[in-house]
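We have chain Y; now place chain W with the ligands onto it with these hints.
If you read the protein sequences in the order shown, they are chains Y and W.
For the first sequence, position 198 matches number 1040 in the working numbering, and the numbering has no gaps at all.
For the second sequence, position 199 matches number 213 in the working numbering, and the numbering has no gaps at all.
These are computed hints drawn from the structure, not numbers from a lab.
You may find that some hints are simply not true.
[To be verified] Listed next, with one range per pair, are the computed distances between beta-carbon atoms: (1) W:138 to Y:973: 23 to 31 Å; (2) W:240 to Y:951: 31 to 39 Å; (3) W:157 to Y:1039: 33 to 41 Å; (4) W:163 to Y:1061: 41 to 49 Å; (5) W:58 to Y:963: 52 to 60 Å; (6) Y:909 to W:111: 35 to 43 Å; (7) Y:910 to W:54: 43 to 51 Å; (8) Y:973 to W:243: 14 to 22 Å; (9) W:62 to Y:1068: 28 to 36 Å; (10) Y:951 to W:145: 21 to 29 Å; (11) W:66 to Y:953: 32 to 40 Å.
Just so it is clear, CB atoms sit at the ideal spot from N, CA and C, and this is done for glycine as well.
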Amino acid sequence: MGEPVYQLLGVTRVYGARKVLDIASLDVYPGEILGVVGPSGAGKSTLLRLLGFLETPTSGAMAFRGQRVNGGAPSLAVRRQVTMVFQRPVLLSDSVYANVAYGLRVRGVTDARERVEKVLDLLGMLPLRKEAASTLSGGEAQRVALARALVVEPEVLLLDEPTANLDPAHVAIIENVIRQARERTGMTIVLVTHNVFQARRLADRVALLVSGRLVEVAPTKTFFESPSAPETHAFISGEMVY
Amino acid sequence: MLGSALRQAVQLILSLESEVLRIVLLSLRVSVTALAFSTLMGVPLGAWLGLRRFFARRLVIAAIYTGMGFPPVVVGLAVYMLLSRSGPLGSLGWAWVPGLFTPGAMVIAQVIIATPLVAGFTMAAVMGVDPNLRQQLISLGATSWQATRAVLREARQGVVVAVVAGFGSVISEVGAVMLVGGNIEGSTRVLTTAIVLETHKGNFSLALAMGLVLLAMTFAINIAVLRLQGKAYG
Ligand SMILES: Nc1ncnc2c1ncn2[C@@H]1O[C@H](COP(=O)(O)OP(=O)(O)OP(=O)(O)O)[C@@H](O)[C@H]1O
Ligand SMILES: [Mg+2]
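The following block holds chain Y by itself, in its conformation from the complex (with noise of 0.2 Å):
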């Protein structure tokens, strides 16, 4: 599978007295989907800010191929080849194409024009490119939040719960268009979702974070089919209370 682009071992969160995440070890591999499932306040946010460098970890030693990365943010080289997709989202009052363009502008790429069409092209929101996006619905401004990070086309995509406004035919043209760009860029992603099913559609590897502690890492086949723990067993099953 290649040196893993991300290495972590025994890191850890702390806000106040709590410990949000303690990660005894997780590696990331290149060109990998790499499902993140869990209940609500487990931690799976936290994870992906650290992984997006926009938080450092409390203890513990995090690499970012193969460079220690754990003492403030990376380089601007390293940081941009890491992009993240948030939870909630928020856009800039200004145009849809502004907002998908932004990402490429503030690298000084030109001739952004073909690449912020195809991406919105891709997504079904090329009609609405010169909208406000103050006026678009939950749905739409986050597939605007999806095209921003797919366009800079970065090697490492973190998306947070992409498709939780998003009804079911949408939700499948998201996927498509995850999917793809995985295949064409081979991009490393890693996908958090509270929904068990599209990790089980997406992701080659699936992790189940409970309480900030990775319980699970498997590959999908085997996390649905044979897992080894029996939260795993009772979070697949929708049996976990939490």
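Structure of chain W with the ligands alone, referenced to chain Y:
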């Protein structure tokens, strides 16, 4: 009386009677100059307070809030004492320090009145931008400075409001310009002090007419600003 005042106001504007015209132009010159300084200082100060958390920030904010509520006449008194010949600045005799009863002294007083307003409203506007936006832009590859610029751009409507509020406060203020300007005919008389004078003299319709001119002026400026604002994405 309102009817005759209206007629007189229209006549005043149409005839551009030289003394009234001079008063109007001086009002604009003093307040626009003061506002320019206040904007140059207040917008960066407000943006900085809205963006950064630092030691003594709350103290600076408390000072600004106090400044926002300062009675102009007290500011006038302070500037008067500062600039008078025996005052700390006036006694230095430096050429670039304006003397009392000059438009320069009026500008100084109005800068002190408007700057806290501009800074306070700008800070509120910047703080009103969703704090998650910055992190999301950083994640899209923005540098810290690029993200800061985008956040300020998000606050642009509030910044326009801040500048308009600053202008409204100084163009309509009478206490400070009266004290430090002295309402001298032909040199420091502005619309508000002229209105006070004409009212005392019993020329109510002239006073009212000048009041209407003042109102029309601020209205026109606000409309112009709102039009500029309307061009941005809402
Ligand atoms: N900045 C913060 N300060 C304090 N506590 C925080 C902060 N961010 C997250 N937490 C806490 O950490 C815990 C994990 O939060 P996180 O957002 O990672 O959960 P999650 O698994 O993404 O949940 P959900 O599925 O509901 O989105 C929560 O209990 C939350 O209250
Ligand atoms: Mg979350």
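> What hint numbers does the structure not satisfy?
Replying inline: 5, 6, 9
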